[in-house]
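If you want the numbering used here, it's the position in the sequence shown, counting the first as 1, plus 163.
Just so you know, these hints were derived from the structure itself, not from any lab. We put the beta carbon where it would ideally sit given N, CA and C, even for glycine. Check the hints yourself; a few may be wrong.
[Claimed, not checked] In silico DSBU-like cross-links for lysine-lysine, where the CA-CA straight-line distance does not exceed 35 Å:
hint	residue 1	residue 2
1	Lys692	Lys487
2	Lys515	Lys487
3	Lys515	Lys697
[As the list claims (entries may be wrong)] Label-pair ranges, simulated between beta-carbon atoms:
hint	residue 1	residue 2	range
4	Glu615	Glu175	28 to 36 Å
5	Asp680	Ala705	23 to 31 Å
6	Arg496	Ala206	42 to 50 Å
7	Pro592	Glu570	29 to 37 Å
8	Lys486	Val621	43 to 51 Å
9	Ala705	Pro336	48 to 56 Å
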Amino acid sequence: MAVLTRAEAIAEVTATGTYELVERDIRGVPCRVFVNAPQNLHALFNSNRSDNEFYIYENERYTFEDMYQRGAKLGRFLVDGLGIEKGDRVAISLRNYPEWVIAFEAVTSIGGIAMCMNALWEADELEYGLLHGGAKAIVADQERLDRVAQCNNLGELKVITVRSNNVPEGSTPIADILSSEETDMPNVDVSPDDDATILYTSGSTGHPKGVVSSHRNVISALFSWELDGAVGMHMLRKRLESEGKEVPTAEPPPYPPAMLLGVPLFHVAGSHAVMLQSFRSQRKIVAMYKWNAEKGAELIEQERISAFTAPAAMTGDMIEVAKKTDRDLSSLRSVGGGGAPRAPEQVKNLAKTFGSGSPGTGWGMTETNAIGTGIGGEDYLNHPESSGKCSPVLDMRIMDDEGNLHESGVRGELLIRGSSMFREYWDRPDANDESFIDGWFRTGDVATIDEEGYLYIVDRIKQLVIRGGENISCGEVEAAILEHPDVMEASVYGVPDERMGEEVGVSLFAKGDLSEDELSGFLVSRLAKFKIPKYYRFSSDALPRIASGKINKRSLREEAVKEIVGE
Numbered sequence: 164m165a166v167l168t169r170a171e172a173i174a175e176v177t178a179t180g181t182y183e184l185v186e187r188d189i190r191g192v193p194c195r196v197f198v199n200a201p202q203n204l205h206a207l208f209n210s211n212r213s214d215n216e217f218y219i220y221e222n223e224r225y226t227f228e229d230m231y232q233r234g235a236k237l238g239r240f241l242v243d244g245l246g247i248e249k250g251d252r253v254a255i256s257l258r259n260y261p262e263w264v265i266a267f268e269a270v271t272s273i274g275g276i277a278m279c280m281n282a283l284w285e286a287d288e289l290e291y292g293l294l295h296g297g298a299k300a301i302v303a304d305q306e307r308l309d310r311v312a313q314c315n316n317l318g319e320l321k322v323i324t325v326r327s328n329n330v331p332e333g334s335t336p337i338a339d340i341l342s343s344e345e346t347d348m349p350n351v352d353v354s355p356d357d358d359a360t361i362l363y364t365s366g367s368t369g370h371p372k373g374v375v376s377s378h379r380n381v382i383s384a385l386f387s388w389e390l391d392g393a394v395g396m397h398m399l400r401k402r403l404e405s406e407g408k409e410v411p412t413a414e415p416p417p418y419p420p421a422m423l424l425g426v427p428l429f430h431v432a433g434s435h436a437v438m439l440q441s442f443r444s445q446r447k448i449v450a451m452y453k454w455n456a457e458k459g460a461e462l463i464e465q466e467r468i469s470a471f472t473a474p475a476a477m478t479g480d481m482i483e484v485a486k487k488t489d490r491d492l493s494s495l496r497s498v499g500g501g502g503a504p505r506a507p508e509q510v511k512n513l514a515k516t517f518g519s520g521s522p523g524t525g526w527g528m529t530e531t532n533a534i535g536t537g538i539g540g541e542d543y544l545n546h547p548e549s550s551g552k553c554s555p556v557l558d559m560r561i562m563d564d565e566g567n568l569h570e571s572g573v574r575g576e577l578l579i580r581g582s583s584m585f586r587e588y589w590d591r592p593d594a595n596d597e598s599f600i601d602g603w604f605r606t607g608d609v610a611t612i613d614e615e616g617y618l619y620i621v622d623r624i625k626q627l628v629i630r631g632g633e634n635i636s637c638g639e640v641e642a643a644i645l646e647h648p649d650v651m652e653a654s655v656y657g658v659p660d661e662r663m664g665e666e667v668g669v670s671l672f673a674k675g676d677l678s679e680d681e682l683s684g685f686l687v688s689r690l691a692k693f694k695i696p697k698y699y700r701f702s703s704d705a706l707p708r709i710a711s712g713k714i715n716k717r718s719l720r721e722e723a724v725k726e727i728v729g730e
């Protein structure tokens with residue numbers, strides 16, 4: 164009996180049952196959709212209420228039921244107290260406190276749109292997001308409230324404070340809301356294709372873009388991850404049967420599934436791959452105040468963490484700590500990643516360091532709701548430079564220089580479509596026109612797909628720096644630098660970095676005696692800290708240009724990398 168192929172396994176698993184897929188047009192685009200998935204996020208939350216532990220933050224422990232009840236109280240206040248209606252935007256801007264999850268549950272359950280704001284943004288960036296998205300209310304902690312206070316023109320923005328020691332006049336502490344009497348979640352009719360979230364992501368130029376996703380888009384991503392696991396188990400079962408071997412009965416793990424949350428919830432890796440994916444699996448989340456590898460190892464031992472997913476910089480940190488710690492990390496079964504490809508050597512080190520932990524990674528975007536491709540275990544070790552194979556609910560093509568689409572065998576821009584794809588960029592018709600071709604989304608990544616279906620990301624069309632999993636727009640950083648009166652020209656690029664993947668570098672033409680310290684200080688109030696360049700190359704002459712008159716970014720980057728890294 165021949166071994167079942169992945170395509171055959173997908174067809175069998177999705178023919179009927181939990182993961183049944185059917186063809187359907189969504190906004191005019193042919194998609195495969197899960198017919199048995201929850202209709203909206205509230206249905207996901209409500210159907211998975213239990214007394215199992217869900218969210219652990221320092222000394223605070225909450226069950227799925229605890230979080231739902233708190234979400235219902237906040238949802239009731241948003242509707243009755245603030246007048247939030249279906250389609251209204253509510254910003255969430257805070258650290259990975261339990262209140263982040265409570266706010267997300269509440270906003271999406273009442274038909275509002277959760278604007279998940281980057282908590283690292285400075286006041287100017289935060290103001291742009293709030294105004295651009297038209298937020299009617301914001302749920303924010305003290306650090307973010309201090310920045311909101313610096314913003315202008317926010318109008319009648321309603322404020323709900325979280326763990327604040329300085330409550331602004333007219334705002335409402337969330338502690339007061341959550342200490343009120345129990346109540347039911349407001350009953351709002353929310354359809355699968357109603358908008359659920361707006362997450363801001365850096366593009367190649369200018370301000371971040373608001374990525375709008377529906378309830379179906381988000382839930383399709385969650386079910387796609389589950390389907391990947393079901394397909395893998397189905398293939399294993401069929402292979403053992405074909406070899407005449409007994410299919411082992413799955414034994415329950417020695418401890419409940421638990422995930423270490425070291426990435427921020429305002430990114431899809433945190434909100435989707437960790438938080439939302441934990442509902443149906445009843446997985447415990449252990450949240451960190453901020454990333455610290457030593458603290459992470461301590462939590463893995465104490466809470467018997469079984470899974471950890473993070474950018475290469477963080478998994479690299481964990482490898483180094485694991486080599487020298489005496490802590491018991493044997494509970495770790497899965498070490499996932501994303502944001503940017505890991506170096507092949509780190510892939511090998513993960514397997515060596517965490518013998519019981521299977522390494523894995525994938526390619527995804529905010530626009531895909533974090534899914535795209537995935538790879539793990541032996542497959543990953545054999546293809547360490549690949550991002551894996553395409554999700555069953557997505558289609559991928561490579562577009563060559565002539566605009567022709569190919570399934571494999573050529574190098575070009577990666578295009579993608581499917582049921583997890585976002586609806587649009589909020590209030591950016593220009594970006595929408597540039598980004599979509601006949602229902603296909605242009606990712607801005609240069610890639611190849613081999614004959615076996617493995618995706619390889621080889622370059623980037625969009626001018627982005629990916630630092631520790633954070634997308635940084637070169638154009639946005641250049642615009643901030645050019646606000647300095649002594650800067651005439653600036654070209655921003657990524658400089659390879661062993662830990663972070665890339666650091667921000669800039670070549671600039673400046674007059675006078677402008678220094679790195681002066682320019683960095685100038686940028687502090689204009690850019691989030693992670694966007695401020697680490698490397699500066701000053702010139703007293705105009706920057707070199709190509710025939711079209713544009714600055715020769717490629718040559719400037721090559722010169723900088725050679726000088727800084729030696730490559």
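Report the numbers of all earlier hints that the structure fails to satisfy, in ascending order.
The structure breaks hints 4, 6 and 8; every other hint is satisfied.
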